[in-house]
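Same order as they appear, the protein sequences are chains A and B. Letter by letter, the first sequence follows residues 1 to 136 of this note's numbering. Letter by letter, the second sequence follows residues 137 to 520 of this note's numbering.
Incorrect hints may appear among the rest.
Think about it this way: if two alpha-carbon atoms lie no more than 27 Å apart in a straight line, the pair counts; the simulated DSSO-like pairs of lysine-lysine are [unchecked claim]:
{"hint": "1", "chain 1": "B", "residue 1": "Lys440", "chain 2": "A", "residue 2": "Lys112"}
{"hint": "2", "chain 1": "B", "residue 1": "Lys400", "chain 2": "A", "residue 2": "Lys66"}
{"hint": "3", "chain 1": "A", "residue 1": "Lys39", "chain 2": "A", "residue 2": "Lys118"}
{"hint": "4", "chain 1": "B", "residue 1": "Lys440", "chain 2": "B", "residue 2": "Lys400"}
{"hint": "5", "chain 1": "B", "residue 1": "Lys400", "chain 2": "B", "residue 2": "Lys139"}
{"hint": "6", "chain 1": "B", "residue 1": "Lys367", "chain 2": "B", "residue 2": "Lys235"}
Ranges of calculated distance between the beta carbons of each label pair, as one might list FRET restraints [to be verified]:
{"hint": "7", "chain 1": "A", "residue 1": "Asp83", "chain 2": "B", "residue 2": "Lys139", "range": "53 to 63 Å"}
{"hint": "8", "chain 1": "B", "residue 1": "Gly207", "chain 2": "A", "residue 2": "Leu108", "range": "52 to 62 Å"}
{"hint": "9", "chain 1": "B", "residue 1": "Ser255", "chain 2": "A", "residue 2": "Leu108", "range": "15 to 25 Å"}
{"hint": "10", "chain 1": "B", "residue 1": "Ile268", "chain 2": "A", "residue 2": "Glu120", "range": "20 to 30 Å"}
{"hint": "11", "chain 1": "B", "residue 1": "Glu156", "chain 2": "A", "residue 2": "Glu28", "range": "48 to 58 Å"}
{"hint": "12", "chain 1": "B", "residue 1": "Lys309", "chain 2": "A", "residue 2": "Leu108", "range": "26 to 36 Å"}
{"hint": "13", "chain 1": "A", "residue 1": "Val96", "chain 2": "B", "residue 2": "Glu156", "range": "42 to 52 Å"}
{"hint": "14", "chain 1": "B", "residue 1": "Lys194", "chain 2": "A", "residue 2": "Met124", "range": "30 to 40 Å"}
{"hint": "15", "chain 1": "A", "residue 1": "Asp126", "chain 2": "B", "residue 2": "Glu326", "range": "38 to 48 Å"}
{"hint": "16", "chain 1": "B", "residue 1": "Asn209", "chain 2": "A", "residue 2": "Asp92", "range": "46 to 56 Å"}
{"hint": "17", "chain 1": "A", "residue 1": "Ala82", "chain 2": "B", "residue 2": "Lys409", "range": "46 to 56 Å"}
Derived from the structure by calculation, the hints contain no laboratory data. Glycine included, each C-beta is placed from N, C-alpha and C at the ideal position.
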Amino acid sequence: MGFEKFGRISFTSQTKLSAFVDYLEKGELRATKCKQCGKVFFPPRADCDACLGSDMEWVKIEGTGKLVSFTEAQYAPTGFEADVPYTLALADFDGVRVFGRMSRDVPLDGMKVGMAVKAEVVAMPDGQLTYQFIRL
Amino acid sequence: MSKDVAIIGVGQSAFVRNYEGSIRELAFEAFREAVQDAGISSRDIGASLICSAPEYDKQRSPSGLIAEYLGLNPQPTFMLESVCSSSTTGIRVGYSLIKSGLHDIVLVLGFQKMSEISSADSQERMGRGADIMWEAPFGTMMPAYYAMHAQAHFARYGSTEEDLALIRVKSSKYGVLNEKAVYRKEITLEQALTAPPVSTPLKRFDCCANADGASCIIMAGAARAKEISKKPVWILGLGAATAPMTLTGRDALDGLNCARLAAKQAYEMAGVKPQDIDVAEVHDCFTIAELMAYENLGFAEPGKGVELIREGQTYIGGKIPVNVDGGLLSKGHPIGATGGSQVRTIVLQLRGEAGNIQVPGAEIGLVHNIGGVGIYGNVVIMGR
Numbered sequence: 001m002g003f004e005k006f007g008r009i010s011f012t013s014q015t016k017l018s019a020f021v022d023y024l025e026k027g028e029l030r031a032t033k034c035k036q037c038g039k040v041f042f043p044p045r046a047d048c049d050a051c052l053g054s055d056m057e058w059v060k061i062e063g064t065g066k067l068v069s070f071t072e073a074q075y076a077p078t079g080f081e082a083d084v085p086y087t088l089a090l091a092d093f094d095g096v097r098v099f100g101r102m103s104r105d106v107p108l109d110g111m112k113v114g115m116a117v118k119a120e121v122v123a124m125p126d127g128q129l130t131y132q133f134i135r136l
Numbered sequence: 137m138s139k140d141v142a143i144i145g146v147g148q149s150a151f152v153r154n155y156e157g158s159i160r161e162l163a164f165e166a167f168r169e170a171v172q173d174a175g176i177s178s179r180d181i182g183a184s185l186i187c188s189a190p191e192y193d194k195q196r197s198p199s200g201l202i203a204e205y206l207g208l209n210p211q212p213t214f215m216l217e218s219v220c221s222s223s224t225t226g227i228r229v230g231y232s233l234i235k236s237g238l239h240d241i242v243l244v245l246g247f248q249k250m251s252e253i254s255s256a257d258s259q260e261r262m263g264r265g266a267d268i269m270w271e272a273p274f275g276t277m278m279p280a281y282y283a284m285h286a287q288a289h290f291a292r293y294g295s296t297e298e299d300l301a302l303i304r305v306k307s308s309k310y311g312v313l314n315e316k317a318v319y320r321k322e323i324t325l326e327q328a329l330t331a332p333p334v335s336t337p338l339k340r341f342d343c344c345a346n347a348d349g350a351s352c353i354i355m356a357g358a359a360r361a362k363e364i365s366k367k368p369v370w371i372l373g374l375g376a377a378t379a380p381m382t383l384t385g386r387d388a389l390d391g392l393n394c395a396r397l398a399a400k401q402a403y404e405m406a407g408v409k410p411q412d413i414d415v416a417e418v419h420d421c422f423t424i425a426e427l428m429a430y431e432n433l434g435f436a437e438p439g440k441g442v443e444l445i446r447e448g449q450t451y452i453g454g455k456i457p458v459n460v461d462g463g464l465l466s467k468g469h470p471i472g473a474t475g476g477s478q479v480r481t482i483v484l485q486l487r488g489e490a491g492n493i494q495v496p497g498a499e500i501g502l503v504h505n506i507g508g509v510g511i512y513g514n515v516v517i518m519g520r
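Start from the sequences, fold in the hints, and give me the full structure.
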């Protein structure tokens with residue numbers, strides 16, 4: 001339990017990774033890292049597909065990322081209509097890629113593939129927790 | 137180049153916005169056309185592979201019901217699903233059932249009745265065709281994912297919204313000629329460019345329409361195919377590959393790796409090269425998907441796909457005619473039926489029976505069918 005607090009609407013409640021949400025509550029965005037082989041996973045994974053180990057530690061995603069791509073959705077799936085328009089984006093933090101939304105403070109015409117971004121944790125008014133990208 | 141398995145019958149229902157009938161009746165329309173085209177009876181069919189994305193249906197395990205309605209009991213039947221590429225997954229499985237010697241004749245029936253749910257609900261279901269744990273909570277949907285590919289392609293290669301619009305202009309020109317297409321109006325470059333945005337940079341006419349429809353392909357082993365069919369169309373090459381469902385696991389967004397790998401396998405198996413292909417059907421669920429397909433299939437170098445559409449090389453009469461039946465953009469995209477519809481178009485082309493969209497003298501054709509946003513990639517190469 002706990003994972004249902006992630007995102008505007010979570011479709012998953014049970015996972016071995018609910019600590020992800022606990023870290024969001026502390027304002028931290030974290031990935032998992034395999035203690036056995038060192039592979040880093042975002043989105044986090046409970047099990048390592050490289051060495052088959054399941055002993056993971058949580059590592060922070062910090063620093064500057066580069067925007068890989070983005071889009072402003074003018075239409076939304078059921079349950080997300082009130083958010084329209086919103087910008088979905090993919091950013092690269094030193095080889096660790098993170099999918100999420102861009103902050104509403106960044107206008108579409110101010111966005112460019114390759115621009116520097118930072119990830120920050122956001123608490124929504126209804127108590128849901130998520131993260132977004134902001135311009136550096 | 138082996139000629140072990142042939143396609144001996146093809147059928148397709150009209151693709152429509154709201155089919156006024158049940159899924160079994162929809163399936164029957166494509167089935168009847170294919171069986172009559174092959175000149176066989178249902179008793180000749182050794183197994184049926186039913187291909188669809190079942191979350192659109194109220195009927196659980198539709199294969200049992202459809203096999204019954206088509207008169208295909210007591211032969212084995214089962215469902216195959218790889219979302220939008222389900223029915224070319226059916227071609228791959230059918231090929232192996234025949235090559236293994238288990239069956240002589242196999243039927244691949246693809247269908248989807250999308251109209252039972254609203255467009256927003258359908259976007260939500262399709263959005264859940266991506267990672268529901270890590271991406272869907274942000275409000276993902278298919279147009280947004282492909283839009284991110286478009287943005288990445290624009291940034292890397294300088295392709296533009298106008299290039300994408302040119303693809304829709306081509307599609308609409310051929311859609312007008314296709315009696316089975318859902319969208320049959322011509323679209324001008326200006327209309328395409330000024331249409332309202334769906335997910336930037338994709339606009340309304342960059343996106344295909346949901347539709348209801350069914351397709352049916354009948355395959356046979358070499359001996360039976362020669363016995364039954366005057367114009368068997370041979371499966372020369374097959375390729376299939378996958379990529380991570382989660383976007384974070386992809387190397388780049390300016391192409392689809394599953395398509396590149398599937399194409400490479402299919403070309404190698406067929407012993408042909410991209411320049412040997414006379415006519416192609418590619419998975420243009422969005423205009424950007426067709427542009428990426430030009431490059432991923434080797435019709436153009438990476439970044440040079442725009443030249444094909446700017447010069448009109450993918451029209452009939454050009455270097456490599458693509459989607460001259462209107463493609464998904466004009467025909468509509470009934471998920472499970474789409475791959476079979478693409479295969480049908482190529483079979484008719486290679487038989488010289490494509491009517492007003494015939495590519496003169498076409499001998500080798502290719503189908504590129506993608507499931508999800510580049511999760512599953514199937515390529516089929518066929519020849520006379």
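Tested hints:
1. Of the pairs offered as hints, the one joining Lys440 of chain B and Lys112 of chain A holds, with about 22 Å between alpha carbons and a cut-off of 27 Å not exceeded.
2. Taking the CA atoms of Lys400 of chain B and Lys66 of chain A, the gap is near 31 Å; set against the 27 Å cutoff, the hint is violated.
3. Taking the CA atoms of Lys39 of chain A and Lys118 of chain A, the gap is about 22 Å. The hint holds against a cut of 27 Å.
4. Only pairs whose Cα atoms come within 27 Å are accepted, and Lys440 of chain B paired with Lys400 of chain B is accepted, the gap being roughly 19 Å.
5. The suggested pairing of Lys400 of chain B with Lys139 of chain B holds, with an alpha-carbon distance near 19 Å, which does not exceed 27 Å.
6. Of the pairs offered as hints, the one joining Lys367 of chain B and Lys235 of chain B holds, with about 20 Å between alpha carbons and a cut-off of 27 Å not exceeded.
7. In this structure the supplied range 53 to 63 Å holds for Asp83 of chain A paired with Lys139 of chain B, their Cβ-Cβ distance being about 54 Å.
8. Between Gly207 of chain B and Leu108 of chain A the beta carbons are some 55 Å apart, a value that agrees with the proposed interval 52 to 62 Å.
9. At roughly 24 Å, the beta-carbon separation of Ser255 of chain B and Leu108 of chain A lies within the given 15 to 25 Å, and the hint holds.
10. The supplied range of 20 to 30 Å is met by Ile268 of chain B and Glu120 of chain A, whose beta-carbon atoms lie about 24 Å from each other.
11. Taken as a hint, the range 48 to 58 Å holds for the pair Glu156 of chain B and Glu28 of chain A, whose Cβ atoms sit roughly 55 Å apart.
12. A hinted range of 26 to 36 Å holds for the C-beta pair Lys309 of chain B and Leu108 of chain A, which are about 32 Å apart.
13. For Val96 of chain A paired with Glu156 of chain B, a C-beta distance near 51 Å keeps the hint of 42 to 52 Å intact.
14. Between Lys194 of chain B and Met124 of chain A, the C-beta spacing of about 34 Å keeps the proposed range 30 to 40 Å intact.
15. A C-beta distance of roughly 43 Å is found between Asp126 of chain A and Glu326 of chain B, which places it inside the suggested range of 38 to 48 Å.
16. Between Asn209 of chain B and Asp92 of chain A the C-beta distance comes to about 54 Å, which sits within the given range of 46 to 56 Å.
17. Against the hinted window of 46 to 56 Å, the Cβ-Cβ separation of Ala82 of chain A and Lys409 of chain B comes to about 51 Å, which satisfies the hint.
This entry does not satisfy hint 2, going by the numbered hints stated previously; all others are met.
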